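Enquirer: The residues making up each chain are set out below.
2 protein chains.
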Amino acid sequence: MVALAPSGELAVVAIGDFRTEAGATLTDAHIAYQRFGDFRGDRHTNNVILIEHALTGDTDVTTWWDGLVGPGLALDTNRWCVICTNALGGCYGSTGPASAHPDGAAWGSRFPALSIRDLVAAERDFLHSVGIGHVRAVIGGSMGGARALEWTLSWPTFVDAACVLAVSARASAWQIGIQSAQISAITRDPDFHGGDYYSICDGPLEGLAAARRIAHLTYRGEMELDERFGTIAQQGENPLGKFRDPAHRFAVESYLEYQGRKLVERFDAGTYVVLTEALNRHDAGRGRGGLNKALYSSTVPTLVAGVDTDILYPFHQQEHLSRNLGNVLGLYKIVSPVGHDAFLTETRQLDRILRMFIAKTNDGAEPTDGFGLDPEGQWII
Amino acid sequence: MVALAPSGELAVVAIGDFRTEAGATLTDAHIAYQRFGDFRGDRHTNNVILIEHALTGDTDVTTWWDGLVGPGLALDTNRWCVICTNALGGCYGSTGPASAHPDGAAWGSRFPALSIRDLVAAERDFLHSVGIGHVRAVIGGSMGGARALEWTLSWPTFVDAACVLAVSARASAWQIGIQSAQISAITRDPDFHGGDYYSICDGPLEGLAAARRIAHLTYRGEMELDERFGTIAQQGENPLGKFRDPAHRFAVESYLEYQGRKLVERFDAGTYVVLTEALNRHDAGRGRGGLNKALYSSTVPTLVAGVDTDILYPFHQQEHLSRNLGNVLGLYKIVSPVGHDAFLTETRQLDRILRMFIAKTNDGAEPTDGFGLDPEGQWII
Numbered sequence: 316m317v318a319l320a321p322s323g324e325l326a327v328v329a330i331g332d333f334r335t336e337a338g339a340t341l342t343d344a345h346i347a348y349q350r351f352g353d354f355r356g357d358r359h360t361n362n363v364i365l366i367e368h369a370l371t372g373d374t375d376v377t378t379w380w381d382g383l384v385g386p387g388l389a390l391d392t393n394r395w396c397v398i399c400t401n402a403l404g405g406c407y408g409s410t411g412p413a414s415a416h417p418d419g420a421a422w423g424s425r426f427p428a429l430s431i432r433d434l435v436a437a438e439r440d441f442l443h444s445v446g447i448g449h450v451r452a453v454i455g456g457s458m459g460g461a462r463a464l465e466w467t468l469s470w471p472t473f474v475d476a477a478c479v480l481a482v483s484a485r486a487s488a489w490q491i492g493i494q495s496a497q498i499s500a501i502t503r504d505p506d507f508h509g510g511d512y513y514s515i516c517d518g519p520l521e522g523l524a525a526a527r528r529i530a531h532l533t534y535r536g537e538m539e540l541d542e543r544f545g546t547i548a549q550q551g552e553n554p555l556g557k558f559r560d561p562a563h564r565f566a567v568e569s570y571l572e573y574q575g576r577k578l579v580e581r582f583d584a585g586t587y588v589v590l591t592e593a594l595n596r597h598d599a600g601r602g603r604g605g606l607n608k609a610l611y612s613s614t615v616p617t618l619v620a621g622v623d624t625d626i627l628y629p630f631h632q633q634e635h636l637s638r639n640l641g642n643v644l645g646l647y648k649i650v651s652p653v654g655h656d657a658f659l660t661e662t663r664q665l666d667r668i669l670r671m672f673i674a675k676t677n678d679g680a681e682p683t684d685g686f687g688l689d690p691e692g693q694w695i696i
Numbered sequence: 316m317v318a319l320a321p322s323g324e325l326a327v328v329a330i331g332d333f334r335t336e337a338g339a340t341l342t343d344a345h346i347a348y349q350r351f352g353d354f355r356g357d358r359h360t361n362n363v364i365l366i367e368h369a370l371t372g373d374t375d376v377t378t379w380w381d382g383l384v385g386p387g388l389a390l391d392t393n394r395w396c397v398i399c400t401n402a403l404g405g406c407y408g409s410t411g412p413a414s415a416h417p418d419g420a421a422w423g424s425r426f427p428a429l430s431i432r433d434l435v436a437a438e439r440d441f442l443h444s445v446g447i448g449h450v451r452a453v454i455g456g457s458m459g460g461a462r463a464l465e466w467t468l469s470w471p472t473f474v475d476a477a478c479v480l481a482v483s484a485r486a487s488a489w490q491i492g493i494q495s496a497q498i499s500a501i502t503r504d505p506d507f508h509g510g511d512y513y514s515i516c517d518g519p520l521e522g523l524a525a526a527r528r529i530a531h532l533t534y535r536g537e538m539e540l541d542e543r544f545g546t547i548a549q550q551g552e553n554p555l556g557k558f559r560d561p562a563h564r565f566a567v568e569s570y571l572e573y574q575g576r577k578l579v580e581r582f583d584a585g586t587y588v589v590l591t592e593a594l595n596r597h598d599a600g601r602g603r604g605g606l607n608k609a610l611y612s613s614t615v616p617t618l619v620a621g622v623d624t625d626i627l628y629p630f631h632q633q634e635h636l637s638r639n640l641g642n643v644l645g646l647y648k649i650v651s652p653v654g655h656d657a658f659l660t661e662t663r664q665l666d667r668i669l670r671m672f673i674a675k676t677n678d679g680a681e682p683t684d685g686f687g688l689d690p691e692g693q694w695i696i
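As given, the protein sequences belong to chains A and B, one line each in that order.
Just so you know, we're using this note's numbering here: the first sequence kicks off at 316 and counts up by one.
Just so you know, we're using this note's numbering here: the second sequence kicks off at 316 and counts up by one.
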């Protein structure tokens, strides 16, 4: 019996004790989720599409993928039951470092390190808990793309198809480096208290903001940022004064500080560290005879897409995926000045990618409507 | 009368009170330098080639450009008198934040903000102090390239020719962003004490190391880093344990930490902030009717080169320079997996660039020896 919360409503499901890939135990773990569209079918044959959010995403995919999930949209909720969970370790309802340990205090430093596989395994436990043993598709970008890819390798018979956006088969050394710089910005903040700040203070807000500023520079295209800001001064400020003064900034500094403040208001630093560490540990080849053997063994039809200006997950990484995956449906290059974040913002190209994905994997034929013209991006294979 | 220190010897020259572009005064400033090769000629006509170091460089160009400056090398010290100064604000002999203020204590937070133009103006004051009113060429990469470019625009009759490597006409928003992240890593360190740490402690060593780790990721090519390190664990450590543990690292983390530690041993954090801020303020168009008008007005024959895999100063920025400079000698693309640092490490291609530069600007003809073949890089124009 499949039991799901009302459409659009945030719900939390217990998945029991969770054992991580590295062998730690998370007692009494929970996964939060939202679903959009009616469930049809049964445990084994149904209309569920699973959407995986990125690092700081949440369960409300209709907001962060506005224009792509809803009635009549590419992921049509009149047809599909779209389910979006909050990743294990998250701060949007699932068990994370800020959640209560069985002893009542926050998990904090006792929260174990997670891998991308752990996030996927916990999501599978969640689906089992609500009575779902199979889904039609899994879709995600960035960290969500890493999760979608791991789904196809960890539980290939659980998913019919996957759409993997703006990610790589494993963390690159550069990614580990820049992600570790973000973790370091948080852990060096005196308010981090080794991860056990929850009962002491508001936490490493400065460090989290600094981490986000670094991260944001990897999320956007450098030419787009330059066209928007260049060397312009923030209005009313003079960044060219006699002395360096944090109150007198270039416009891009103000913009990045705004991005940092915005995240601090909505996100927990402990979760940021845990999920960033999971990205550091992303390696589809681990324990599977190496990367290319693992990818080649994949049986799940998988569509790959990336962004031409992505600094964080450069397009050659999606080319690598598409060359090596055992059952690749296609490779799409999103053309955009935006950089990595184009997997969130280039709605028109994403609409094309997702409609093509649904058509190829469900309708037995490619859609003919409006697909002859593709004004920005392009199908590589 | 031109008076220079013995060849190879570090010397320091007083340039008097220095007034910055923004209007602050640096009392009793000094510039340190080394020269290599005998001076020939007089104040106006001589054999001086000025070399400009990058952000953390020093006056010993024969070390950091090993194989390029010396007897018989591309910058032949049998022919040229090569002079390399330490930038104003530096920590290798010139007046910087760690230097003594007239009151005896370190300048610290009283040290004014500098622009690239200030570094150039102070260098000109130094040359005047030693009796030199004209040089044959100015050459530099990265921050040194910004200085070389500013030389041609600030003092066009002072230099016969310029070679500008791996830099842009102005700071891009992305550069300002990533450079500000480095400044922030230092200033947020409790040991920074607002810049006045000199009499209190060893300074913001952790912050400086963190800044360098971020910077290093912009100095190297992401594919080169990945080929070297990938997701390999540091020897004897397990970065995949039950809990995140800074003592158990990926090899790339260890490598970056080593880069950070190495810099901390040889560099002052106050200088790092001052010179990084100068890079933020780099804008050849400021006060000159805008960027392209400024570049177009240039009369000094200028050779431009860049690196195909440079993340920090992407090659399109050197293309922009070469399209807009009023008197461009050529544009060379260094082909290298190394990224930005290739302007220091790709000795063979640099040898070609520098020999071509000398030939075009001094010998009236292009060299014919060995220039038909260029196994890695290429002349674009």
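Check before you lean on any hint, since a few could be wrong.
Remember, identical chains collapse to one label, so a pair may be satisfied in a single copy or spanning two.
Stated by the list, open to error - Lysine-lysine pairs mimicking DSBU-like chemistry, simulated, CA-CA at most 35 angstroms apart:
#: 1; residue 1: 608; residue 2: 557
#: 2; residue 1: 557; residue 2: 675
#: 3; residue 1: 557; residue 2: 648
#: 4; residue 1: 557; residue 2: 577
#: 5; residue 1: 675; residue 2: 648
#: 6; residue 1: 608; residue 2: 675
Hints in this document: simulated from the structure, not taken from any laboratory.
As the structure is a computational prediction, the values presented were derived from the model and not from experiment.
Enquirer: Can you tell me if residue 675 and residue 648 fall within 35 angstroms by alpha carbon in one copy, between copies, both or neither?
Expert: Within one copy only: 17 angstroms inside, 43 angstroms across.
Enquirer: Evaluate residue 557 and residue 648 at a C-alpha cut-off of 35 angstroms and name the case that applies: within, between, both or neither.
Expert: neither (46 angstroms within a copy, 37 angstroms between copies)
Enquirer: Given identical chains, is residue 557 near residue 675, meaning Cα to Cα at most 35 angstroms, within a copy, between copies, both, or neither?
Expert: neither (62 angstroms within a copy, 40 angstroms between copies)
Enquirer: Is it within a copy, between copies, both, or neither that the alpha carbon of residue 557 lies no farther than 35 angstroms from that of residue 577?
Expert: For residue 557 and residue 577, both the intra-copy (30 angstroms) and inter-copy (31 angstroms) Cα distances are at most 35 angstroms.
Enquirer: Quick one: residue 608 to residue 557, C-alpha cut-off 35 angstroms, is that within a copy, between copies, both, or neither?
Expert: between (59 angstroms within a copy, 26 angstroms between copies)
Enquirer: Which holds for residue 608 with residue 675 at a C-alpha limit of 35 angstroms: within a copy, between copies, both or neither?
Expert: within (25 angstroms within a copy, 53 angstroms between copies)
The earlier numbered hints that this structure contradicts are 2, 3.
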